[in-house]
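Engineer: What follows is the residue order along each chain.
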Amino acid sequence: MKKFSKLSLALALGAAIGTSSATVSAADSLTVVSWGGAYTKSQREAYSNPFTAKTGIEIVDEDKAGNGLAGLRAQIEAGNVVWDVLDILEGDSILACDEGIAQELDYEKDLNPGADGTPVMEDFVQGSLNGCFVPTIVYSTLFSYNNEAFPGEKPSTVADVFDLKKFPGKRSLEKKPDANLEWALVADGVPYDKVYEVLSTPEGVDRAFAKLDTIKDQVIWWEAGAQPPQLLADGEVAIASAYNGRIFNAQVVENQPFTIIWDGQVFELDGYIIPKGAPHKKAAMDYLRFATDTQRLADQAKYISYGPARKSSAPLVSTHLETGVDMNPHMPTNPENFKTPIKKDAEFWADNGDELRQRFNAWLAQ
Amino acid sequence: MMANTVEADGQLTPEEQKRLTADMNRSLRLRKIRSLLLVAPLVIFILVTFVSPIASMLFRSIDNPQIIEYMPNTSAAVAEWDADSNQLPGEEVFAALVDDLVTGRKNHTIGKAATRLNYEKSGMRSLLTGSARKAARLKPPFKDKLIQINSDWGELDTWRVIKRESRPYTASYYIAAFDMETTPSGEIKFLPEQQQIYLKLFWRTVWMSLLITAMTLLLGYPVSYLLASLPMRIANMLMILVLLPFWTSLLVRTSSWIAMLQGEGVINDVLVWFGLVDDDNRLSMIYNATGTVITMTHILLPFMILPLYSVMKTIPPSYMRAARSLGATPFTAFYKVYLPQSVPGISAGAILVFILAIGYYITPALVGGQTGQFIGNMIAYHMQSSLNWGLAAALGVILLVLVLGLYAAYSRLLGTNNQMSLR
Amino acid sequence: MALPSYAGPLETFWYYAFRIICGMIFVFLISPLIIIIPLSFNVEPYFSFSQGMLALDPDAFSLRWYEEFINSERWMNALQNTFIVAVCSTFLSMVLGTLAALGLSRSELPFKGVIMGLLISPMIVPLIISAAGMFFFYSSIGVSQSYAGLILAHTALGTPFVVITVTATLSNFDNNLIKASASLGATPTYTFFKITVPLIMTGVISGGLFAMMTSVDEVVVALFIAGAEQRTVPMQMWAGIREQISPTILAVATLLVCMSILLLTTVEYLRRRSETIRGITPH
Numbered sequence: 001m002k003k004f005s006k007l008s009l010a011l012a013l014g015a016a017i018g019t020s021s022a023t024v025s026a027a028d029s030l031t032v033v034s035w036g037g038a039y040t041k042s043q044r045e046a047y048s049n050p051f052t053a054k055t056g057i058e059i060v061d062e063d064k065a066g067n068g069l070a071g072l073r074a075q076i077e078a079g080n081v082v083w084d085v086l087d088i089l090e091g092d093s094i095l096a097c098d099e100g101i102a103q104e105l106d107y108e109k110d111l112n113p114g115a116d117g118t119p120v121m122e123d124f125v126q127g128s129l130n131g132c133f134v135p136t137i138v139y140s141t142l143f144s145y146n147n148e149a150f151p152g153e154k155p156s157t158v159a160d161v162f163d164l165k166k167f168p169g170k171r172s173l174e175k176k177p178d179a180n181l182e183w184a185l186v187a188d189g190v191p192y193d194k195v196y197e198v199l200s201t202p203e204g205v206d207r208a209f210a211k212l213d214t215i216k217d218q219v220i221w222w223e224a225g226a227q228p229p230q231l232l233a234d235g236e237v238a239i240a241s242a243y244n245g246r247i248f249n250a251q252v253v254e255n256q257p258f259t260i261i262w263d264g265q266v267f268e269l270d271g272y273i274i275p276k277g278a279p280h281k282k283a284a285m286d287y288l289r290f291a292t293d294t295q296r297l298a299d300q301a302k303y304i305s306y307g308p309a310r311k312s313s314a315p316l317v318s319t320h321l322e323t324g325v326d327m328n329p330h331m332p333t334n335p336e337n338f339k340t341p342i343k344k345d346a347e348f349w350a351d352n353g354d355e356l357r358q359r360f361n362a363w364l365a366q
Numbered sequence: 001m002m003a004n005t006v007e008a009d010g011q012l013t014p015e016e017q018k019r020l021t022a023d024m025n026r027s028l029r030l031r032k033i034r035s036l037l038l039v040a041p042l043v044i045f046i047l048v049t050f051v052s053p054i055a056s057m058l059f060r061s062i063d064n065p066q067i068i069e070y071m072p073n074t075s076a077a078v079a080e081w082d083a084d085s086n087q088l089p090g091e092e093v094f095a096a097l098v099d100d101l102v103t104g105r106k107n108h109t110i111g112k113a114a115t116r117l118n119y120e121k122s123g124m125r126s127l128l129t130g131s132a133r134k135a136a137r138l139k140p141p142f143k144d145k146l147i148q149i150n151s152d153w154g155e156l157d158t159w160r161v162i163k164r165e166s167r168p169y170t171a172s173y174y175i176a177a178f179d180m181e182t183t184p185s186g187e188i189k190f191l192p193e194q195q196q197i198y199l200k201l202f203w204r205t206v207w208m209s210l211l212i213t214a215m216t217l218l219l220g221y222p223v224s225y226l227l228a229s230l231p232m233r234i235a236n237m238l239m240i241l242v243l244l245p246f247w248t249s250l251l252v253r254t255s256s257w258i259a260m261l262q263g264e265g266v267i268n269d270v271l272v273w274f275g276l277v278d279d280d281n282r283l284s285m286i287y288n289a290t291g292t293v294i295t296m297t298h299i300l301l302p303f304m305i306l307p308l309y310s311v312m313k314t315i316p317p318s319y320m321r322a323a324r325s326l327g328a329t330p331f332t333a334f335y336k337v338y339l340p341q342s343v344p345g346i347s348a349g350a351i352l353v354f355i356l357a358i359g360y361y362i363t364p365a366l367v368g369g370q371t372g373q374f375i376g377n378m379i380a381y382h383m384q385s386s387l388n389w390g391l392a393a394a395l396g397v398i399l400l401v402l403v404l405g406l407y408a409a410y411s412r413l414l415g416t417n418n419q420m421s422l423r
Numbered sequence: 001m002a003l004p005s006y007a008g009p010l011e012t013f014w015y016y017a018f019r020i021i022c023g024m025i026f027v028f029l030i031s032p033l034i035i036i037i038p039l040s041f042n043v044e045p046y047f048s049f050s051q052g053m054l055a056l057d058p059d060a061f062s063l064r065w066y067e068e069f070i071n072s073e074r075w076m077n078a079l080q081n082t083f084i085v086a087v088c089s090t091f092l093s094m095v096l097g098t099l100a101a102l103g104l105s106r107s108e109l110p111f112k113g114v115i116m117g118l119l120i121s122p123m124i125v126p127l128i129i130s131a132a133g134m135f136f137f138y139s140s141i142g143v144s145q146s147y148a149g150l151i152l153a154h155t156a157l158g159t160p161f162v163v164i165t166v167t168a169t170l171s172n173f174d175n176n177l178i179k180a181s182a183s184l185g186a187t188p189t190y191t192f193f194k195i196t197v198p199l200i201m202t203g204v205i206s207g208g209l210f211a212m213m214t215s216v217d218e219v220v221v222a223l224f225i226a227g228a229e230q231r232t233v234p235m236q237m238w239a240g241i242r243e244q245i246s247p248t249i250l251a252v253a254t255l256l257v258c259m260s261i262l263l264l265t266t267v268e269y270l271r272r273r274s275e276t277i278r279g280i281t282p283h
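Chains as they are written, first to last, in UniProt numbering: chain A, 1 to 366; chain B, 1 to 423; chain C, 1 to 283.
No lab work stands behind these hints: they were computed from the structure. Check the hints yourself; a few may be wrong.
As the list claims (entries may be wrong) - Straight-line alpha carbon distances no greater than 30 Å define the calculated DSS-like cross-link-like pairs of lysine-lysine that follow:
no., chain 1, residue 1, chain 2, residue 2
1, C, K194, B, K18
2, B, K200, A, K170
3, A, K176, B, K189
4, B, K200, A, K176
5, B, K189, A, K282
6, A, K344, B, K134
7, C, K179, B, K18
8, A, K344, B, K106
9, B, K106, A, K109
10, A, K281, B, K18
11, B, K18, A, K216
Unchecked claim - Chain B regions said to be covered by chain C (calculated; three or more residues, Cβ under 8 Å):
no., segment
12, 44 to 52
13, 91 to 104
14, 253 to 261
15, 283 to 290
16, 352 to 361
Here a beta-carbon is modelled for each residue, glycine too, at the ideal position from N, C-alpha and C.
With the hints as extra help, turn the sequences into a complete structure.
Structural biologist: Structure below.
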């Protein structure tokens, strides 16, 4: 009897391990990897829930997009891919595509044309369809400040952010060189369209770091997208760089007294790839087609202020579902906001990222 | 022992003696095997689940398969080329390169070679991927056409890097981990001061770990002394105050320190309330080195107190009384009599805390800001963000060697059997 | 350490000063654990005591963060995962660790030092290094992002505690008991279950509790090798602290502090019981 109970315990344990790992590969769920927080929530509302309602396939959200490329490389190398769809930045998608770890797509066949009949290749942001990548949003990294920190004159340009005398207070920047080096040069007087030209020279890099040096003591570095609104709200910093959607969420949903500085917004594309060898490839392709159609991309803007990456979606953008606010003034691509943007040069960062990040880390450690 | 007794009686023939010894040996061997069988499952388990992962990491820090695998023709052809000749490789090497670029583009593998080479020389990534996009359209001879596509193909350094990384094993991750670089001429030298990072971080990790160890000793010594000299019943009660943090989740303690130390946190509120600190000038005690030191001191303090206490328990209080009665001042008695006897506890606690501290990752990541990061954070960064796994592995191996060296010192100090006895 | 009668005024001063210093260190040790408890009942999403809380206004307190915890599918999922992984890995650690400790305590075991070093290595190697190695290796054998992988990893990290505590228990074990049992005609199996097991049980259980605590608290390795399906409570806490530290974290932390109190009590009880059994008088 005793023996029996031990045996059954062992069996139960085995079964527990077995069944729980079995659910991972069950065909009725898809693992979609994204950035977490308000962003994943917007995708869930706009894409995943309707998809589940339509097909009965459950979507499992995983918040690992921050380390998406690393995770994907490891899985491919091990021949054990567990992700079905990966949300990724345009720059990283180029690397993934070059390394052959993302599924190549036949855009005309795999995606729906625009609701107004625009063919796929013309509908998405120009030049973004690189063979594996389907962009879903245009988002910006930009500065915003807490109104309470500046009772008098308000900062309005990138140069103001670097001006500690005129606008004292702590700053918060993302803990990587991307965008920060661009802003440093802009604040140092480099014209917006010459930023990458200057940054390609060793002198330009020195110049950018020298400008960052002037505010280094006052900077708290953030790593997760949810941190900067929190830091602003807590009064830990006066000005923070952040993703525009997060600031929108704080402004409109949480009624925080934040103002966005649209000057020098660094915009880039974000979207989906399908990992090569995704466990449920067919369902993943269905999801990709469903999530990136005109209506779904427009729907996402009901939840977060990122611009849809399809032209045909733009006229369908309406109001924020929760608050009824008109979304258009909050979109980074709105002409009012789009006067002095910097397009993040994915190619430049793919090439020089390793060296600049190394230099940036060394600079931080000094 | 039994054999001896029998022999002493002198009643056994040499024959029988030999047989008896053989029997003894066999049974000893059986017992040996039996004890080995008991240990075997765990030994095998640890070898598979723990030692092989570490070994695979060791291997990764020198493994260098990318160029050989994804640019096979080029790496074979460039081997013939004399890197010191001050002349570009010949047409056959360029032809091999075009071949690899075309295949690599088709199979989507050129990106892997490009990523690898970009670690060594910035710009190699777009040089390879960019040229690969155009390579299929090229007709021989290739040399000038490639140089026309990108003038970097006409640089000797480009080819020297390709030649250098065409070997199956590389030291370049270790070179990078020591803040050095291989110059185009093949010389290994330190990077310019402003670009050095890992040595600085190793140094900072060691330095801050020492500081944390000193802090835990400073706080732990009086408490252990008190606990060891109080009556057992009271000491056991107070011991709970030491053991409770010891048993509490690391993340719980870290998050409560965030709540305590942050700008709008409890400590600043109290200081402002008492008027010690101006409301606009709240102390920044977190997201910097101070935050890391305070939080880690708290987390590691029990690891100092427990060994100190167990050693101090064994020092008879009568020694101190004897010293005092012989006329020593309290200070002299403590310094000359008590302190020397507590040294084993100090060294055990100190090495334990130090070993634990230099491997920390979670706490510095959460409360360390930019000045409170440890080398562990850099390893995690290269694992998860920069994706330079070879460099992460090399840094890991260096840290591992450091820790194992310290541990060897530790077990020599204490004897092997009661390491880290938890209580 | 009573104050000796011959103490002068300076020494008397030092005697009390020393106690005050020690008291402050105890406050340092325990206050972070105490302070989060009231903060977790704060009705507002802040980390400091509001005016209302200081005035003990009942409206300033609420269970809202506990409700958030209980109603969150993520947290509940994480709790379930933590439980599954902890139970399985603790069980495995106890079995493997106890067997090994039995072997290690035999005098005839060859290469004892090497084996002991090997078996406790998971405790010495910094977690970030173990995690990095497991990230590569577990992927390559196809168990990363699965319960099996996480359980194997946590078992490896937990066994040293079982090995150490059980070896320590066995070092005080009186081998004459086994000889006596054998001379009375008991089979080795019978002796093992009737004599050895009850005597080393306290060691096995406290080692198991340490192993369980390791699994419940472990985050570094989990971050590297677990997938979304296996998200554990510490992983969820880590994500929460890094992103935005909401008071829900403090509610979870409070619950975890209660759990550690429970564990501590159990371990202390076991330790004293084993000392009584082994006839060691508490000193």
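Engineer: With a C-beta cutoff of 8 Å, work out whether three or more residues of the segment 253 to 261 of chain B approach chain C closely enough for the coverage to hold.
Structural biologist: n = 8 at 8 Å, threshold three: holds.
Engineer: Can you confirm whether chain C covers the segment 44 to 52 of chain B, using C-beta to C-beta distances below 8 Å and requiring at least three such residues?
Structural biologist: holds (count 7)
Engineer: Check the hint pairing K189 (chain B) with K282 (chain A) against an upper bound of 30 Å on the C-alpha distance.
Structural biologist: violated, 52 Å
Engineer: According to a criterion of three or more residues whose C-beta lies within less than 8 Å of a C-beta of chain C, is the segment 352 to 361 of chain B covered?
Structural biologist: Our answer is that it holds, as 5 residues pass the Cβ test (under 8 Å) against chain C, meeting three.
Engineer: Would the pair K200 (chain B) and K170 (chain A) pass a check requiring their Cα atoms to be no farther apart than 30 Å?
Structural biologist: Holds - the C-alpha atoms of K170 (chain A) and K200 (chain B) are around 26 Å apart, at most 30 Å.
Engineer: Run the distance test for K200 (chain B) versus K176 (chain A): straight-line Cα separation, threshold 30 Å.
Structural biologist: Roughly 19 Å between the alpha carbons, so the hint for K200 (chain B) and K176 (chain A) holds.
Engineer: K176 (chain A) and K189 (chain B) were given as a pair; does the straight-line alpha-carbon distance stay at or below 30 Å?
Structural biologist: holds, 27 Å
Engineer: Are the Cα positions of K194 (chain C) and K18 (chain B) separated by 30 Å at most?
Structural biologist: Status violated; Cα separation ~38 Å.
Engineer: Take a quick look at whether K344 (chain A) and K134 (chain B) sit within 30 Å of each other, Cα to Cα.
Structural biologist: With Cα atoms ~24 Å apart, K344 (chain A) and K134 (chain B) stay inside 30 Å; holds.
Engineer: Hey, K106 (chain B) versus K109 (chain A), does the alpha-carbon distance stay inside 30 Å?
Structural biologist: holds, 21 Å
Engineer: Quickly compare the C-alpha distance for K344 (chain A) and K106 (chain B) to 30 Å and report which way the hint goes.
Structural biologist: Holds - the C-alpha atoms of K106 (chain B) and K344 (chain A) are around 28 Å apart, at most 30 Å.
Engineer: When you check the alpha-carbon spacing of K281 (chain A) and K18 (chain B), does it fall within 30 Å?
Structural biologist: violated, 72 Å
Consistency with the previously given hints fails for numbers 1, 5, 10, 11, 13, 15, ordered from lowest to highest.
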